[in-house]
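Undergrad: These protein sequence lines are chains A and B, in that order.
Under my numbering, the first residue of the first sequence is numbered 1, with each subsequent residue one higher.
Under my numbering, the first residue of the second sequence is numbered 1001, with each subsequent residue one higher.
Check the hints yourself; a few may be wrong.
Distance windows between CB atoms, simulated [what the hints assert, rightly or not]:
id: 1; chain 1: B; residue 1: V1091; chain 2: A; residue 2: R394; range: 54 to 62 angstroms
id: 2; chain 1: A; residue 1: Q107; chain 2: B; residue 2: V1091; range: 39 to 47 angstroms
id: 3; chain 1: B; residue 1: W1098; chain 2: A; residue 2: G344; range: 30 to 38 angstroms
id: 4; chain 1: B; residue 1: W1098; chain 2: A; residue 2: V392; range: 54 to 62 angstroms
id: 5; chain 1: B; residue 1: W1098; chain 2: A; residue 2: R389; range: 42 to 50 angstroms
id: 6; chain 1: A; residue 1: D417; chain 2: B; residue 2: D1352; range: 47 to 55 angstroms
id: 7; chain 1: A; residue 1: G290; chain 2: B; residue 2: T1033; range: 57 to 65 angstroms
id: 8; chain 1: A; residue 1: S424; chain 2: B; residue 2: W1098; range: 20 to 28 angstroms
id: 9; chain 1: B; residue 1: Q1292; chain 2: A; residue 2: Q107; range: 52 to 60 angstroms
Stretches of chain A that chain B covers, calculated by requiring three or more beta carbons in the stretch to come under 8 angstroms of a beta carbon on chain B [unchecked claim]:
id: 10; segment: 81-95
id: 11; segment: 294-302
Source of the hints: derived by calculation from the structure; they are not laboratory data.
All residues carry an ideal CB built from backbone N, CA and C; glycine is no exception.
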Amino acid sequence: MALQSGADQPGADESRADEASPDVVLEARGITKRFPGVLANDTVDFALRRGQVHCLLGENGAGKSTLMNVVFGLYQPDAGELLVRGEPVRFRSSADAIAAGIGMVHQHFQLVPVMAVWENVVLGDELTRGPLLDRGAARARIAELSERYSLAIDPDAVVGELSVGAQQRVELLKALFRDADILILDEPTAVLTPQEVDGFFEIVRSLLDRGISVVFITHKLREVLAVADEVTVLRGGKAVGRADPRTATQGSLATLMVGRDVSFEVDKAPAEPGAVVLRVVDLTVADDRGVPTVSGLELQVRAGEIFGVAGVEGNGQRELVEAITGIRPSVSGSVAIGGTDVTGWNPRRIADLGVGHVPEDRSKDGLVGPFSLADNLVLNRYHRAEFSRRFVVRRDAVRRNAERLVADFDVRTTGVDVPAGTLSGGNQQKLVIARELSADLSLLIVAQPTRGLDVGSIEFIHRQIVARRDEGVAVLLVSAELDEVLSLADRVGVLYRGRFAEVLDREEATRRRCGMLMGGADQHAEEVA
Amino acid sequence: MLLAMVDLPAQDKPTRPPRTPRRGFTRLSRLQTIGVAYLLLGVTLVVQVAGALDPAQVVFLFGLGDGVPQVGVQPAAFTLGTGLLFVLAGVVALGERWTGRYAGVALLVATVLFVPLVLVTSLALSAAGTMNVVPLMGESLRVGTPVALGALAGLYAERSGVVNIGIEGMMLAGAGVGFVVYAVLGAAGGWPLYVSVVVAVAVGGLMAALHALLSVTFRTDQIVSGVAINLLAIGLTSFLRREVLLPLGIGGGSTLPTIEIPLLADLPLVGRSLFVGKPIYFTMFLIFALTQVVLFRSAWGLRVRSVGENPHAAETLGIDVVKTRYQAVIVGGLLAGLAGAWFTLETVGTFDNLITNGKGFIALAALIFGKWRPWSAFGGAVLFGFAEALGRRIQLLDVSVGGFPVPSQFLQVLPFVVTIVVLAGAIGRAIPPASVGVPFERSR
């Protein structure tokens, strides 16, 4: 089916056909791929040169992964052609792509966690001795490869017990084991810590030194500038531009990626704080293991201000938020909202006071994936008269509510009846934001509101939060991204080991000062330094 | 199966301990709960049972014929000793915090002792005073044969990611159609008997192919597809019986011949009981050894396991997931067909409606019990075989307590229940292949 429609759109790529240089190891010409309701790739051209890193830059949903899945034979294109080392190819499955020397490391690792490293590596291309697997030969080959590319790994380790970084090395070994000389890396750094990212770039460079060419998919501008030889920017399924990383800046790349100028600053008027809405006194909360991760914490958030909680993750952020919203019982201390002591209340009673909560893990705690958008949008209010009449849900009201919110909050979807789990990450987060911010609020608690989102969604969500503040809502913002806290917050508390190392006014909160406090340095140390 | 699926989400995150300990009430862990049960049972044995038993010795014989070794047991002493051990095991399990993994070991030992305990007390409470142990073992293996083969049928399918609740139907179809063909050929033994076994195996494979078609190609719910297989087999075989078998007027026929394994059959004590048997019984052992090798040492086995764990990973490596699942399900079906032949062509020599009598479902239980591993599943199957063989014996014993007869079913079911409860607790949760029951959708 895929190839017939290709005949409908010839011509577009003919003019480029003679441009192929001997250097180009992989070329896509006029690739078009449709999914029901979406044009994921629209006549995309793309060329990778030998021994180079070619970055595919684009926001979530721009069609980067789709394009690479076409190149890897997992998707059949509706139109367009692929050339590997100048030869036209047609991949029926990834087996064909592998045979052509292409390897792909997927964003979500494609590993079998219960099996050993060597089993994962040889799977599909097994070394055998007679009818049986040749484990010794597999081990030897893996040892040789990990030596050559400095990918330290124990071939007998069980994959599920390895760190994320080590699992990524297994994925690389899988491709190298198949003699891939074209490697597609789909958002390889998304799962790594900053230190691991540096190590990963080392690995990429060692691959290049040995003549391997790399396609690097990312939406992180900093990485593009650090590693790319060439950049192709995708937006809305189209290749909208190329850039030279030696001359490009983060700003120019972002503009290409988003399609308009992007400000990294959030526009906001000075805060006009009112009465104290949230008052936390001497709060101690234990984590799942029973260890107190919030201890003796004091906090006040006023109406009309954004209080930003900065800090390295795991310093009590999650437990603090869960204790305030009633999800987790506290060990001692009290929480008062709008003058009412809510310590020990259940989450619904607290929510009914006008407390909105955007949880840090949207797919696990924020949404019910298989439920429709409409149902997800009333999860915290289906019981109210507005939506139910004597045990019976008013479907029409639920639907109208959903249609209104989807429009107001710019959730991109084909309808309000589709399961929430089918939306992209950015749209799922907008859905949660829509539900929580549309209520009649006095206090809004947002945790990691823009994790993993694209620039456009981040801007939108930031504007929504500021708008709520300007209406007089007290906002508690928790984020692991210091930049996000600094651009939104009116006051900043740096959380360190379960309490605030210091609460700073926005003007005092410099990156440097916050960074030191996050690392546990007290202010005297800073003064001495 | 349901049990297995409920467990699924627990794999990717460590289990959460309760958030706050409830005040005034300490929750017992699984091991501790079982420990309490053993503690109570042990105390009862020591205080109530041990003194009340007939002091006459009970005798266990090992092997057939004269002059075989025998072990005499003093029921009161044995019960007293076992009771004390149970108490000890209970205490060790209760103190799980201090005894660590010895808690599980203690419960396992106690469980192993449970079987002789039931034997000794039943013998002591009945008129008979002796029991022959070796034939009992032989019978366990024989009765366990179809269960073991059925468990393998499930093993291949489920390792590849396809739930197989249709083992029973595949067995029944093999048993029924195999015997009908045998009857049509005259039911007189000789070559038609072997042809019929081949037919039975093929029919099992065909039923499995249907299951694969429904659940892999059309992505029907795999449970529903399995139920459909079971219902189809019931209808098909009872129809064939009424329309073909009964008009032929053939009530029964000779079964597969008994074989003696040279040398091994002459071993002292166990030879006659374990190494004299019929072909499917012996084939079962071969198939188990073969399965272990195929599944864990061959390229095909690696692929089967990978499509059962993460089919998308397999796909990105160029493996044809659909084809692999078809192969695995059909191989399983062939074995289920062989298990069917065991009933009609090896053992009974006739076909009755529903002759498989739920063994296919017990096979599934043995598979889960064995955590989807061949030899463990074999152990599960033999355990079920043992329970059945033991039941047959106890039925003949006329056990009575203080003049009241104890229903044999009661004694029969005890080792069963206890073993399962304890294995569930002491060995831990069975983790099924990660993608079992999830239809595979190819990227396109």
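Undergrad: Checking each numbered hint in turn, tell me which of them this model violates, lowest number first.
TA: 2, 5, 7, 8, 9 and 11
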